[in-house]
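Visitor: Here's the letter readout for the chains.
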Amino acid sequence: MRRGLLTTAVVFTALILQAAVVNRLPLPGGRPDLPVVVVVALALVGGPSYGAVLGFAVGLGADVLPPADHTLGRLALAYAIVGYLAGLVEDVEERSVLTTVAVVGIASAVAVILFAGIGALVGDNRITAAAVTRSLGATVIYDVVLAPFVVPLVSGAVRRTQLSGP
Amino acid sequence: MRDSRRARLVLAMLLLTAFTLITLDYRSGGGGPLRKIGNAVFGPVERAVGAVAHPIGSFFSGLGHLNSYKSENNRLKAQNQHLLQQLRLTDGDRAHLASAEKLLHLAGQAQFRIAAARVVAYGGAFGFESTATIDVGSQDGVRPNETVINGDGLVGKTLQVGPTTSTILLGNDPNFTAGARLEKTQQIGHVDGGGRNPMTFTLLGSQATMVPGDRLVTFASLNDRPFVAEVPIGRIVRIQPTPGQLFSTGVVAPYVNFSSVDVVGVVVGTPRTVPRDSLLPPSPTPSGTPSSPPATPSTPASGSPSGSPTPGRSP
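Chains as they are written, first to last, in the numbering used here: chain A, 16 to 181; chain B, 4 to 318.
Among the hints, a few may not be true.
To be verified - SDA-like, lysine to any residue: derived pairs with alpha carbons at most 25 Å apart: (1) B:K39 / A:V26; (2) B:K105 / B:S262; (3) B:K39 / A:A24; (4) B:K39 / A:V36; (5) B:K105 / A:L32; (6) B:K39 / B:K187; (7) B:K39 / A:L32; (8) B:K105 / B:R121; (9) B:K187 / B:S224.
Claimed, not checked - To give a feel for the contact side, a few chain B residues facing chain A, derived at Cβ under 10 Å: (10) L12; (11) L14; (12) T170.
It should be emphasised that the hints constitute simulated quantities derived from the structure, not laboratory data.
Just so it is clear, CB atoms sit at the ideal spot from N, CA and C, and this is done for glycine as well.
Chain B with its partners taken away, still in its complex shape:
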């Protein structure tokens, strides 16, 4: 053993420092000068590395397909792998283009002004946190507490914003909460990220009801921060039995796959009103897959105070 009094003294001093830091940061509520420095120093590096690391995720998720080539000889195998790799890379590019197109489509429909971005790093802290770094910052007009969307719907909100990068809180983080509204019935409540448990929606009001298949959109926050209205969130898949609870809770299947978020947009400006339920994807069927025809006669925008009918969804 190499223990010594000096080592123990060093450790004690460090622990004291750490506890002081924790106390100071806890009381100031985060976002202190140290974090700003971290943002400024590590942000650009993550941007640079993240740009290179983009294909890696798609490469590894494609590895599973390689098993089926075992019977062929080595030359063919190598060739196959090489071709597959090329295919995957172009697949990645194609996916990137498609998601960017979807994002622009949604933002265009809603007339949101967005700062488009890509995710360059994911948070971890032993898997407790669902956060990400995106490659836009205050220089692109992004401020803390703004809505982050992608082509499928709500991704999260911005936390700290550095000069060229920002940290976003993803919708599946346990600290994530957003006001939400059920389509058609207009009942309001809040969605909460559940970590590795599913996202939940809790209705406010004991008379309010929901059924599986109901779809959820965001309910605007005060001055649209952190959340703008009408961004699709997901749909209710089942109602959770909550004995003894005043309000009913449902499990939500979000439209966004939080573990593979790539192209996102930060909403930096909104029109005064967005027509109700106009941004929801055309899939009101409880079975879920977005393969139903674009015409959705089952979702009339009845009861919408703005009086505007659901606009025709462009295919």
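In isolation and in its complexed conformation, chain A is listed as follows:
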């Protein structure tokens, strides 16, 4: 129960922060994708089926979050697969930072490729080879930079509620 509330709060915060703050930052190249990092952090604790369900929910939220203007369900699909894959990685509390960073990097790349791939299938004008390459590079790099700060924070908070509460 407490864990559910905490997860909802974390996800909601990540989605709103992404739209209202992160996308506003004047960063060169592109921007980090906070929801992917949060999905990975939670899936690492919860396992593959939890990760898939959570990823789907976060993606659906990002799909309907106001400035979004793409076919509904694209991010839900991308994040569900990312959550499943991240959940496959064994949960060890003293996992090295390097593993976490690598998982986040791979997850970001997978998310961008899936989102772009489905976009190409439904004929999205915005998906061009150049745009995909640029977005892939920027998202992976910025997410990898965010990972050492965000992942321990989120995973740690969730683990603590697990230990203290039911």
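Fit chain B to the known structure of chain A by using the hints.
Guide: Showing chain B alone in chain A's frame:
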């Protein structure tokens, strides 16, 4: 590995659901009930957070100036930073006021009725989309497919409209297209957003010509939706070589900086006619900077069927 048959089953079900959603939304062309719910739920939250987040952008863009204070001692440094921060915040306020004033000036000149708004959130989707949320909605009289401007010119058009917020498509989005007209020669064509590539203008008509420095304004859509006429868009900076193409294409430098749009106005009502070329900024020089004197004798409104001369630009 923690893989199991159950997890794979869950994933398969979710993927099936996602594909169903994508198919349904694709066929209905967007704007379904889920998006309306999203607008109603997330819109007010974004409004609230966006209002707080406004200074953040200006704060971060000002950070670069701090490096020059390294040689001074810590106390002075801290004081300096504190003062600089205050300065930046008031700078932000001043910029906000100035852009609001410019917007009102342009709207007043054109006699557009506008709903003034601020951007509260930007779209992303891994950087593929250039969209934004603004803090006016159907309660303020905004409808889908209306022109969005700021003091510099064309910003974009409205897409979905919620009760108190609206989503706008910015001019640099690859899905953005607007009818446009060259000043003086009256040739028409269309401008297209290029994503991270520059905006382009394509002339319709193989006999039509343009030269770098030509300025562009919007060409009215049917019933003024999505675009009203005469809103400045930008100027041609160079002609793209398009071998094998029937129509010539030029690269456009837009007047609006799409990455830092803040104060905007949605055009909710227009006068019957706007004098031709009357809204263009006073900078016909190809070099570009809007520092030339306000008097522009080089742009007579010749050939204007309305016959009205270019009105004097108030300084």
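Visitor: Holds or violated: K39 of chain B with V36 of chain A, Cα cutoff 25 Å?
Guide: Within the cut-off at roughly 23 Å; holds.
Visitor: Given L12 of chain B as an interface hint, is its Cβ closer than 10 Å to any Cβ of chain A?
Guide: Result: holds, 8 Å to nearest chain A Cβ.
Visitor: K187 of chain B and S224 of chain B were given as a pair; does the straight-line alpha-carbon distance stay at or below 25 Å?
Guide: 20 Å, holds
Visitor: Does V26 of chain A sit within 25 Å of K39 of chain B, going by the straight-line distance between their CA atoms?
Guide: At roughly 20 Å apart (the allowed maximum being 25 Å), V26 of chain A and K39 of chain B satisfy the hint.
Visitor: Tell me if L14 of chain B is really an interface residue toward chain A, meaning its C-beta lies closer than 10 Å to one of theirs.
Guide: Because about 5 Å separates L14 of chain B from the closest Cβ in chain A, which is inside the 10 Å limit, the hint holds.
Visitor: When you check the alpha-carbon spacing of K39 of chain B and A24 of chain A, does it fall within 25 Å?
Guide: Cα-Cα ~22 Å, so holds.
Visitor: Under the criterion that the straight-line Cα-Cα distance not exceed 25 Å, is the pair K105 of chain B, L32 of chain A satisfied?
Guide: The hint is violated at about 30 Å.
Visitor: Hinted pair, alpha-carbon criterion (25 Å max): K105 of chain B, R121 of chain B. Please report holds or violated.
Guide: 14 Å, holds
Visitor: Just to be careful, I want the Cα atoms of K39 of chain B and K187 of chain B compared with a cutoff of 25 Å; is the pair within it?
Guide: Distance ~43 Å between K39 of chain B and K187 of chain B Cα, so the pair is violated.
Visitor: Verify the proposed pairing of K105 of chain B with S262 of chain B, using a straight-line Cα cut of 25 Å.
Guide: Holds, at about 18 Å.
Visitor: Does K39 of chain B pair with L32 of chain A here, judged by a C-alpha cut-off of 25 Å?
Guide: OK: K39 of chain B and L32 of chain A at ~21 Å, within 25 Å.
Visitor: The hint names T170 of chain B as touching chain A; please verify it with the least Cβ-Cβ distance against 10 Å.
Guide: With a minimum Cβ separation of about 5 Å from chain A (threshold 10 Å), the hint on T170 of chain B holds.
Of the hints listed earlier, those the structure fails to meet are numbers 5 and 6, in rising order.
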